Every structure is written in structure tokens, then in C-alpha cells.
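The residues making up each chain are set out below.
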Amino acid sequence: MAQQIPLVDYLVLGDDPHLVANECTSCGARYFDRRNACAACEGTGFKKVDVPTTGEVRTFTIVSFAAPGIPVPFVAAVVDCDGTSVRANLINVTPDPEHVTTGMKVRLATEVIGTDENGTEAVGFGFEPLGG
Amino acid sequence: MASASEEVWVLGIHMTKFGKHPDLDTVDLAAEAVQGALADGGVTMKDMGIIGAGNLMGGAMPIGQMLQKQLGQTGIPVYNVSNACATGATALRVACMAIKAGETDMGLAFGVEKLAGAGLLAGGSRSGDSNTWAPKGRYGSVAAIDGRVGTETMPGVFAQIGQEYGHRYGGTSFELFAKISEKNHSHSTLNPLAAYTKKMTLDEIMNDVMIAYPNTRPMCSANCDGAAAAVVVSGSKLKTLSLEQQKRAVKISASILTTDPWEEACQVLPNVNDLTRNAAAQAYEQAGVGPQDLNLVELHDCFATAELVHYDNLDLCERGGAADFFNSGATWRDGTTPVNVSGGLESKGHPIAATGIANVWEVATHLRGEAGDRQIPGAKVGLTHVIGLGSACGIHILEKSAA
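Here the protein sequences line up with chains D and B, keeping their order. Here the first sequence is numbered in the numbering used here, starting from 1 and rising by one per residue. Here the second sequence is numbered in the numbering used here, starting from 1 and rising by one per residue.
Please keep in mind that the hints were generated in silico from the structure rather than gathered at the bench. A few of these clues could be false.
Claimed, not checked - The calculated label-pair distances, taken between Cβ atoms and stated as ranges, are:
hint : chain 1 : residue 1 : chain 2 : residue 2 : range
1    : B       : Pro135    : D       : Gly28     : 22 to 30 Å
2    : B       : Gly42     : D       : Arg35     : 33 to 41 Å
3    : B       : Gly117    : D       : Asp96     : 25 to 33 Å
4    : D       : Gly103    : B       : Gly288    : 37 to 45 Å
Predicted model, so just to flag it, every value in this text is computed and none were measured. Just so it is clear, CB atoms sit at the ideal spot from N, CA and C, and this is done for glycine as well.
Bound conformation, chain D alone:
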């Protein structure tokens, strides 16, 4: 199997791919980016927490017109993973309003987005319909 690297550092690959958030140890606010402090309480202590891999689509759009180089159409969404909001594409679903709805149940899935000159695969993530 080729060497793999996650598209973003908050995606953990392996047998059980999942997202990790930086959780404020003072107030519990969660973030996916590198932090200077907590925007909710100004605390500076953070711990890594696993984010549930299933959730519900809270909102979505089907992007038909994007910057050059981005394949369209694709579904961009916000998924509510048991209280943690996650920005992601919806994948393995037909990108039209008949097949995508708010409230639909989804689960995390990974996909290879490309291979670099060293043969390393970059692996991204999205959410796919649950039980589809």
C-alpha cells in the first residue's frame, strides 16, 4: 500500500479514520485549526478530542461554478456530528437536490485526492449517505 498523508492535519487515517478537534480545556469550545487562544473564553489550554464519524446534514449547497481547477458540481455542507459542526463535501451521492437534503444522516468517508512525485497519496474526507 502506498504511503498516505491526510489532506488536513485534523484527519486521522488508519483502520478507523476520524477527525480530531482542538477542544478548549476551559469551556469545551472546539476548533479544527491551529489555535492561539479560545475565541469563546480566551483560554489557552487545548486537548485533542475525537469527533463522532456520523452526523446530520444541517445545510448544503451544490456548487456548479467554482474557481478554475475545482471539479463541479460538488456538494458542500455543514454536518452536525453530535454537537460538533464540521465543514465538508458530501461524497458518494448524486449532486442534485433530489438526492441531497438537509437532515439526511451521513458518515465520514475518505478518498484519495492525488499522488505526489514520491508516490505518497494525499487522502481527503467527506461525508456519505448512511445506509445508502
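Following the hints, put chain B in place on chain D, whose structure we already have.
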């Protein structure tokens, strides 16, 4: 000299025609708006004590000083401001604050943008992936994430904002959002300064090019060139001016700027709701008026999906009732709360930094009874609203002079 309890009034105000101005550069457009505002107020650059200047896309040179070098280098302080689509409102707010603070009794604010032909996107472009993956930036990403981890395009972001409202409260559909656009395009036919003044049928809107579902092309704000400027004056200074100036002056009953307060999802999808709610509450309190008192509203319909949520955020309707409110016809120009009678950003156009003063011009022109064919009869109170993603919200409440 003005005091902290000082009233602030619009003395002169002007907007250029929005659209394509290939023969005018950024400074030309700003100069046209500023000269118009000065002439409208019966004053000159020598009367100004401060300038709030807004421009986002024009480059590194300070636009306020570039304007001074064409119209009058009087040595006064210039504040060049940048606050995304709230830039114009921020420039105006700076001039208002200077008067409130007692630092001057007359100030100028302007916003200008050259955007014609800029296309629909504000999400940048994706460069090719590098030859070797190496984590970079705050997300430790090895490649561009726009389009791979959701979308950064404005039509897509605001589509999600409208869809989220629908998910929460129900009543929305592609057709409903398209009908909002139909309203604004219909309104634009009466506005000679709008970039696009063509009426569009619901079918035409829904069958136009899809940009980011449910926003088709005519449901997106129109990039264009344009500028707007306002001269503001303290209440005590206004009393020393001519009766004609006093009669045409428009009171700024509230001038508010807010940013997005933290909530759970705000760094995942921009929250344009809470900061608008906060700004509206402060504005109504400061002005001593309520949403039911508004004769017209110019709100930030950067996309049709955005207009809907702001009916609710501005308390024009009951919480969760924006779809019913729109369906009642309330926001058409003959409704109970006319919204975007200028045609809104979808047809009047959205030269970013000009927008937050152009909407004040629109409302002020109605309050003065000078709006011609699109005059809202008897308009006495109006509200303007802009959102700059990132985020900032500017709200101004304006009242007709009693003089």
C-alpha cells in the same frame, strides 16, 4: 463644537451610476461621488474635519489621500478603512464617531470600487497541487481545501446560510428564494442608477445559470463599478446652516457596527445572523424606533438566500417566520415593509466598498421625497444594513427632517 450627546445628520449625499465605467478609474469614481455629496450639502472640502475612506480592490495606495490630491489637500485626518462588504458603512461610522466624539462638526465618508468584469467569485482560484505533499497553514493542509473541504465561494457560503434557515424553520424552497430575486429585479426597473434594470420572470431566474444551488446567476449580487459619498454634520452645526440645508438634512438616528460573537459553528460556516440581530437591537434602542416604524429597508441581499434570513435578523418578522413574511407580499414596494426598492445588490449592483453608503443614499433620497418614480410615499424612517463576511455588520437608521 459637538458633544457626546450630539445628533449626527446627513447633510449631503450622492451615488454614481452603478455599472461599467471603463473610462473612469477608482479615484475618478470616488471624486464624482464626493463632489456630488459636497454640492448636495452646499459645502466644500475646506468644511470637512475628517474623511472616512473605503476601497478594497484598488491596490495599496491610500484611497482617501489619493482623493484629496484631486479634490483638496486640506491636511485633515483620513481614516482608510477595510471591512469587507461593510467597508462603506464602516467609513460612514468613522465619520459619525468623530462627530459624536466632538473632534469635528463636519465629516466626509466615501466608498468606491472598480469591479466590472470581476466575475462571480470571491473564493480565489485554486493553483495546481505541489509536487510533494507538505502540510501548510492553520489546518496543516497538503493541498488547497476549497472544493475539497466544502466551499469558499460566496454564492456557496450564502446558499448554505439560506438553506440552514430553511432546515431550521421550514418554508423555504428554490422557488421561494428565486421569488425574492424576482422582487428585487422588478424593483430595479424604477432605479436609473442600478447596474441592471431588466425585469426578470420567475422562470427566467430559475432557469438561468446555476451558480451554487439554490442561487442562480440573477440571484447573486452583481459585480460592477460605483461609488457613493456622504457629508455628515453635527446637529448644532446644522442649526447654523440655511433653512434649505436643514430641510434636506436626514437624521442618522442610529449608527451601529458589530462583529460576529462566538458560537459553536461560527468558524465552520460564517454566522451572519447573530451580529445582525445584535446590531439591529442596538440600532432600534439607539434610534428609539421599532421595526414596525420602518417605511423602507435596504438590506444586504448579496444573494437571494441572504435576504430571507435578514428579514428575521432585523426583526421585520416573527422569529422563524421569514418565508411567510415574504409570501405575504410585505417586502414588495407596495407592501408593509418595502425591502430593497433600489433593486438591491442583485440588480442595483455591489461595488463592495460603495454599498454601505449607497444604501444610505437610497433611503435618504426617499426620506427627502426625491426618489422620483420609485418614491415610497410619505417615507419618514428607513434602515440600511450591510454584512461584510468575516464578519462585520453595519446598520444605520435614518429619519426625515422635521425642519
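Hints versus structure:
Under the hint 22 to 30 Å, the C-beta atoms of proline 135 of chain B and glycine 28 of chain D, about 26 Å apart, fit the expected range. Taking 33 to 41 Å as the suggested C-beta distance range, the pair glycine 42 of chain B and arginine 35 of chain D does not conform, at roughly 53 Å. Take glycine 117 of chain B and aspartate 96 of chain D: their Cβ atoms lie about 31 Å apart, and the range 25 to 33 Å holds. Hint check: glycine 103 of chain D to glycine 288 of chain B, Cβ distance near 42 Å, so the stated range 37 to 45 Å holds.
Of the numbered hints stated above, the single one contradicted by the structure is hint 2.
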